[in-house]
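These protein sequence lines are chains A and B, in that order. The working numbering applies: residue 159 is where the first sequence begins, and numbers increase by one. The working numbering applies: residue 941 is where the second sequence begins, and numbers increase by one.
Just so you know, these hints were derived from the structure itself, not from any lab. All values reported here derive from a predicted model rather than from experimental measurement. Heads up, a few of these hints could be off.
20 Å max Cα-Cα, derived SDA-like pairs, lysine to any residue [as the list claims (entries may be wrong)]: (1) Lys249/A to Lys1070/B; (2) Lys249/A to Gly954/B; (3) Lys249/A to Ala231/A; (4) Lys249/A to Gly1083/B; (5) Lys249/A to Leu313/A; (6) Lys1070/B to Ala1031/B; (7) Lys1113/B to Gly1145/B; (8) Lys1113/B to Val1068/B; (9) Lys249/A to Ala955/B; (10) Lys1070/B to Met1080/B; (11) Lys1113/B to Gly1162/B; (12) Lys1070/B to Ser1011/B; (13) Lys249/A to Gly991/B; (14) Lys249/A to Ser1011/B; (15) Lys249/A to Asp333/A; (16) Lys1070/B to Asp994/B; (17) Lys1070/B to Arg1055/B; (18) Lys249/A to Leu262/A; (19) Lys1113/B to Leu1076/B; (20) Lys1113/B to Arg1124/B; (21) Lys249/A to Asp994/B.
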Amino acid sequence: MTTAAVLQAVILSLTVAALYAAVAAGLTLTVGVTRIINFAHGEFVMLGAFLTYGLHTRWGVSPWLGMAASGVALGLLSALVYRLFLARVLKQDEHNQLLATLGLSILLLNIAVILWSPDPRVMQAPALLPPLRLGPVTVPGNNVAVALVGLLLFLAMLWIKNHTRYGTQMRFASDDPELALHAGINVDRVFELSFVIGGAAAGVSGGLVALVLYVQPSVGVDLVIRAFAIIALGGLGNIPGALMGAAILALVEGLVSTFVPQGGSWGFGVAFLLLLLVLIVRPSGLFGKQVQA
Amino acid sequence: MNRFQATVERAGYGALTVIPHLAFEVSGGELLVLLGPNGAGKTTALRALAGTADTGRRALRLDGQDLSALSTWQLAHAGLAYVPDGARCFATVTVEENLRGAFEALRPRAARAERQRLLDGVYELFPVLKQRGSQLAGSMSGGQRQMLAIARALMIEPKVLMLDEPSAGLAPKLVEELFEALGRIKASAGCAIVMAEQNFAAAMGIADTCLVLDEGHVALSGPVAAVRHDERLRVAYLGL
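Input sequences plus hints: build the corresponding full structure.
Laid out in structure tokens, this is it:
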């Protein structure tokens, strides 16, 4: 293997990492604030991918616009799901919440299979940006777009959480929901808002998926499992940690797939072996705070 | 000003009634202390007022304004600040963010100068909080967290301040400091204070009126001067 080939693999992996990070950042915002393990986040991404794909193939809508539309649509769907569905299980046992979101995930996945068939498809979109030449390496324009938008989304989540009024309320509500009520915070609204923002991020991430991955109903399942792995690697609710987690996962996966003979099917597995090791050594994640009793 | 009238009936949790009936009034600049041993229902009484315990009926009036229908977070907007027991703070954010966030939750569009004025006020009252401003609240000692909890409540310029056992778990010297600060709040903040306390020796020093709870029933109430020598106080406390 040549240096150029290694570099190429590393850089392409990093663009995928930005996509993973965007999916994980939306999820970690929601999970970190509401403590609801939302399995359906992956299906929100999948719906965003189908929406961007459909708008482009049917009406020639630019994927840039498709991404934005997916963000708005999935934000609205999240509000609906929260009000009709999650607000009711929020006060119940954690197992019920888990089953509820897992059920929603399976439901959305199967609706997608019925509507669009399980076949993978490729969005034939012209490159959104010109390719980027970095020495011996050429990064395709769509990968550049994915890296940029993914990183932007990721930074947006971070900014919302740490530098806005709503972010402070989110951190209060996740820290001690009852005390937040006493502080005059409408905790239910804050939970809904974090769910809507996470959902909108999932929608935009879906647009990115359509640019560089196969669009298929099961795409969300693969992504949400990776997102949970990334969150575990980074530490729950730790958004910068999620970025490192995404980079590690995507690099390991990308390098194994590229350089190990028949590694294509091994990449995913090796990445999860890594996750398992991290959780054995540091159960709170690589960058998570050690919880003190 | 800041006249607070409260009545609760059948306060408790689900089918369990802890307090059959409780009514009191307190005005700005006054401190009412709810006394009683462990399990007498002090915490339940305050939780019933704040809306985190179940009540058969709850009637709250503040300067003639009816607050009975408000939920927990709405009560804060109406000027009722509640400091739960256990020196609870937002442990994973810094001391300053605890204070700033409490202010912004109620007055998002207020000028920075206004926030700074209130911050200066609570830092003057509890100087240690200024030194610890950038520290995570959860990493402070129990006494400092209790000061932060009270400071957080003061950031909303409350009309009514409700405190649940602020002295619990604190060393005697800290209790003395804390009550000295409460005395200053009472004298200067203009709010009505309702405080649940077990430590009656300390509480009597700053309280004006007193309500003694015994197994959920009001055993005795009145001005502190009259209650402190009443034989029934000892009965409620010691079961003698």
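Please list, smallest to largest, the hint numbers that this structure does not respect. 1, 3, 4, 5, 11, 12, 16, 19
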